[in-house]
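J.: Given chain P, work out where chains Y, S, A, G and X should sit, using these hints.
Protein chains in written order, with my numbering: chain P, 647 to 761; chain Y, 647 to 761; chain S, 647 to 761; chain A, 647 to 761; chain G, 647 to 761; chain X, 647 to 761.
Worth flagging that the hints you see were computed from the coordinates, not collected in a lab.
In this text, all values refer to a predicted model and were calculated from it rather than measured experimentally.
A couple of the hints might just be wrong.
The list makes no distinction among identical chains, and a pair is therefore deemed to hold if it is satisfied within one copy or across any two copies.
[What the hints assert, rightly or not] Result set (BS3-like, lysine-lysine): computed pairs, CA atoms no more than 27 Å apart in a straight line:
| id | residue 1 | residue 2 |
| --- | --- | --- |
| 1 | Lys-725 | Lys-660 |
| 2 | Lys-749 | Lys-671 |
| 3 | Lys-671 | Lys-692 |
| 4 | Lys-652 | Lys-749 |
| 5 | Lys-692 | Lys-652 |
| 6 | Lys-652 | Lys-674 |
| 7 | Lys-664 | Lys-692 |
| 8 | Lys-692 | Lys-725 |
| 9 | Lys-671 | Lys-725 |
| 10 | Lys-725 | Lys-749 |
| 11 | Lys-725 | Lys-664 |
Number of protein chains: 6
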Amino acid sequence: MSEVVKEFNDYRTKMNNKILADNNKVIKRIFNLDTNAFAAGALDVKTKELLGLVASLVLRCDDCVKYHLESCYNEGLSKEQVIETLSIGNLIGGTIVIPHLRKAYEYWDALEAQS
Amino acid sequence: MSEVVKEFNDYRTKMNNKILADNNKVIKRIFNLDTNAFAAGALDVKTKELLGLVASLVLRCDDCVKYHLESCYNEGLSKEQVIETLSIGNLIGGTIVIPHLRKAYEYWDALEAQS
Amino acid sequence: MSEVVKEFNDYRTKMNNKILADNNKVIKRIFNLDTNAFAAGALDVKTKELLGLVASLVLRCDDCVKYHLESCYNEGLSKEQVIETLSIGNLIGGTIVIPHLRKAYEYWDALEAQS
Amino acid sequence: MSEVVKEFNDYRTKMNNKILADNNKVIKRIFNLDTNAFAAGALDVKTKELLGLVASLVLRCDDCVKYHLESCYNEGLSKEQVIETLSIGNLIGGTIVIPHLRKAYEYWDALEAQS
Amino acid sequence: MSEVVKEFNDYRTKMNNKILADNNKVIKRIFNLDTNAFAAGALDVKTKELLGLVASLVLRCDDCVKYHLESCYNEGLSKEQVIETLSIGNLIGGTIVIPHLRKAYEYWDALEAQS
Amino acid sequence: MSEVVKEFNDYRTKMNNKILADNNKVIKRIFNLDTNAFAAGALDVKTKELLGLVASLVLRCDDCVKYHLESCYNEGLSKEQVIETLSIGNLIGGTIVIPHLRKAYEYWDALEAQS
Numbered sequence: 647m648s649e650v651v652k653e654f655n656d657y658r659t660k661m662n663n664k665i666l667a668d669n670n671k672v673i674k675r676i677f678n679l680d681t682n683a684f685a686a687g688a689l690d691v692k693t694k695e696l697l698g699l700v701a702s703l704v705l706r707c708d709d710c711v712k713y714h715l716e717s718c719y720n721e722g723l724s725k726e727q728v729i730e731t732l733s734i735g736n737l738i739g740g741t742i743v744i745p746h747l748r749k750a751y752e753y754w755d756a757l758e759a760q761s
Numbered sequence: 647m648s649e650v651v652k653e654f655n656d657y658r659t660k661m662n663n664k665i666l667a668d669n670n671k672v673i674k675r676i677f678n679l680d681t682n683a684f685a686a687g688a689l690d691v692k693t694k695e696l697l698g699l700v701a702s703l704v705l706r707c708d709d710c711v712k713y714h715l716e717s718c719y720n721e722g723l724s725k726e727q728v729i730e731t732l733s734i735g736n737l738i739g740g741t742i743v744i745p746h747l748r749k750a751y752e753y754w755d756a757l758e759a760q761s
Numbered sequence: 647m648s649e650v651v652k653e654f655n656d657y658r659t660k661m662n663n664k665i666l667a668d669n670n671k672v673i674k675r676i677f678n679l680d681t682n683a684f685a686a687g688a689l690d691v692k693t694k695e696l697l698g699l700v701a702s703l704v705l706r707c708d709d710c711v712k713y714h715l716e717s718c719y720n721e722g723l724s725k726e727q728v729i730e731t732l733s734i735g736n737l738i739g740g741t742i743v744i745p746h747l748r749k750a751y752e753y754w755d756a757l758e759a760q761s
Numbered sequence: 647m648s649e650v651v652k653e654f655n656d657y658r659t660k661m662n663n664k665i666l667a668d669n670n671k672v673i674k675r676i677f678n679l680d681t682n683a684f685a686a687g688a689l690d691v692k693t694k695e696l697l698g699l700v701a702s703l704v705l706r707c708d709d710c711v712k713y714h715l716e717s718c719y720n721e722g723l724s725k726e727q728v729i730e731t732l733s734i735g736n737l738i739g740g741t742i743v744i745p746h747l748r749k750a751y752e753y754w755d756a757l758e759a760q761s
Numbered sequence: 647m648s649e650v651v652k653e654f655n656d657y658r659t660k661m662n663n664k665i666l667a668d669n670n671k672v673i674k675r676i677f678n679l680d681t682n683a684f685a686a687g688a689l690d691v692k693t694k695e696l697l698g699l700v701a702s703l704v705l706r707c708d709d710c711v712k713y714h715l716e717s718c719y720n721e722g723l724s725k726e727q728v729i730e731t732l733s734i735g736n737l738i739g740g741t742i743v744i745p746h747l748r749k750a751y752e753y754w755d756a757l758e759a760q761s
Numbered sequence: 647m648s649e650v651v652k653e654f655n656d657y658r659t660k661m662n663n664k665i666l667a668d669n670n671k672v673i674k675r676i677f678n679l680d681t682n683a684f685a686a687g688a689l690d691v692k693t694k695e696l697l698g699l700v701a702s703l704v705l706r707c708d709d710c711v712k713y714h715l716e717s718c719y720n721e722g723l724s725k726e727q728v729i730e731t732l733s734i735g736n737l738i739g740g741t742i743v744i745p746h747l748r749k750a751y752e753y754w755d756a757l758e759a760q761s
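Same shape as in the complex, but just chain P (with noise of 0.2 Å):
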């Protein structure tokens, strides 16, 4: 895995666990919620992980992009289905989103990169 990548899933893991650990029942619910909102229902997982990326980048957002990017990279999404997504979430959220568009796109490549 490309060094980016492991870090940021490295740091997501470690301290998600301390969350959980702490057994806070709205916060751990929370939690669970996430699996089942992007599960398949009436909307296929590659719709929906298109949904979550663009919440996340019009919210700005860079962690929660990066996250979205990497689960439709592994859903086998192409780089011009999430390339499109995130050209709605610019035009809707403007050039004050351009900053995470960079990020995304640097995640992106690191994403490629690991193969």
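T.: Okay, now just chains Y, S, A, G and X, sitting in the frame of chain P:
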């Protein structure tokens, strides 16, 4: 057309016409980009409308939600697909999104009441 | 009950019922978590309602502010305690929060006018 | 004065008076700082009002936009200057800003209709 | 003091001094209001610090979260009380808040590691 | 050029080139609009850069603040004019803006250290 839907669209059209008549180049191009961004490409129109919907919900813009709900409805997306999209927005955006969820449900009902 | 308060609650209840009747699992669980999160625990209910109030104000959600103002009122919090909470929200959130502060004051008056 | 403009200002004044009558020190000082911040200094009043306008638009606060539009109008800024300011806000803030742009145009018309 | 905590505070102090040395009246008064707003009044200091914490979390400001976590720690609030506050912020602000929750846990650990 | 300024610009240029090489029509046009929006018109370039700066600050985008600070510096705006703009952003956006104010001051110092 339902009264609520008609009123929303009439105001939207009237004001858009005023804005575009003003010939500010930047604003006009942003308006034009909207058509481009939501046209079929690597992703189909249905998926793109759902992307617009979830982005509008997490950014808590009632009028944007209504606009994309209407496009979703006209594109033939099912209520189940729309609700799953809204549920992802609710989870990502939190309970602060709930008042906008209420209005989204209300507008969807108005769209269905048209037929 | 004051007309303003009744109208707000009636709409809220009607739409919540519609949303919950839809049986979307993710949305239903988020609604349920609300009860959990604001129940007495390491912090008492009064403190938690003030936390909900200040979070709603800085996120500039009028309906959320009204909802927590009403809970604060019913829990017996004094106007002074509520105003100090709103003042912290105003300082943290800036003058952009002031229009929501106006509506908060108006709704608090409606709550007091009930008795 | 146009009905729309009068109504906006009357509500604003009535509620501001209520808030200030309450004598919360933090809120009162924030209100006072507003006068200070927009007074002539290294930048003139016109420039400062445009700064207030663009900040209000990207933060999507309709009442704040109205307030600064009115100050811009009273300071003698031209419609072209105001629209260029709004166009920068639209580009930075994205299409999510458009519903607020519609209301801004509507209020500017109401301001011009006064004369 | 833990390295992480010291580094955060040193940077904060250094830059605050630079900003205040500049003598901009509006900025100086905003800084001063902070002390006022969090002083004991109708609400005690502990409650106010929790209000500052939850507002910082839902607005997703890592440095503001750290600052209020440190005040909470110094005021003797328990980890349970802090976590319940964060859980309310997580529910209101949604999963977009989770990356900031991770950093909050990490900083709390650094604060506890000081003793 | 100061190390900090050079690093920021190099990363910005490298990633912008990657993004634009991708030829996504919507993103490319948004990037192009940026040049248009900040060109002299009814308002001069200096005023427009200050508008970009205050919008970036209240939206709490550090990279956008840096970008506009640099343009302000290159356009010959004085530190006093820049600080007054930041003070308006601080008042409108609240204390949540302060961490970004610290970084703005730091970057301005780096810009001045270049000469």
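J.: If a hint holds in the structure, say so; if it does not, say that too.
T.: Hint check:
1. Proximity of Lys-725 to Lys-660 under the C-alpha cut-off of 27 Å is restricted to the inter-copy arrangement: shortest distance 19 Å between copies versus 29 Å within a copy.
2. Proximity of Lys-749 and Lys-671 under a CA criterion of 27 Å is satisfied inter-copy only: 19 Å between copies versus 33 Å inside one chain copy.
3. Within a single copy, Lys-671 and Lys-692 get their C-alpha atoms only as close as 29 Å, which misses the 27 Å cut-off; across copies the closest is 20 Å, which meets it.
4. In this assembly of identical chains, the alpha carbons of Lys-652 and Lys-749 lie at most 27 Å apart whether taken from the same copy (16 Å) or from different copies (18 Å).
5. Proximity of Lys-692 to Lys-652 under the C-alpha cut-off of 27 Å is restricted to the intra-copy arrangement: shortest distance 23 Å within a copy versus 34 Å between copies.
6. For a Cα distance limit of 27 Å, the shortest separation of Lys-652 from Lys-674 inside one copy, 24 Å, qualifies, whereas the shortest one across copies, 31 Å, does not.
7. Proximity of Lys-664 and Lys-692 under a CA criterion of 27 Å is satisfied inter-copy only: 25 Å between copies versus 29 Å inside one chain copy.
8. Both within a single protomer and between protomers do Lys-692 and Lys-725 lie at most 27 Å apart by alpha-carbon distance, with minima of 13 Å and 19 Å respectively.
9. In this homomeric assembly, Lys-671 and Lys-725 come within 27 Å of each other (Cα to Cα) only across copies, at 15 Å, whereas the closest approach inside a single copy is 38 Å.
10. Within a single copy, Lys-725 and Lys-749 get their C-alpha atoms as close as 15 Å, which meets the 27 Å cut-off; across copies the closest is 30 Å, which misses it.
11. Only between protomers do Lys-725 and Lys-664 lie at most 27 Å apart by alpha-carbon distance; the minimum there is 13 Å, versus 34 Å within a single protomer.
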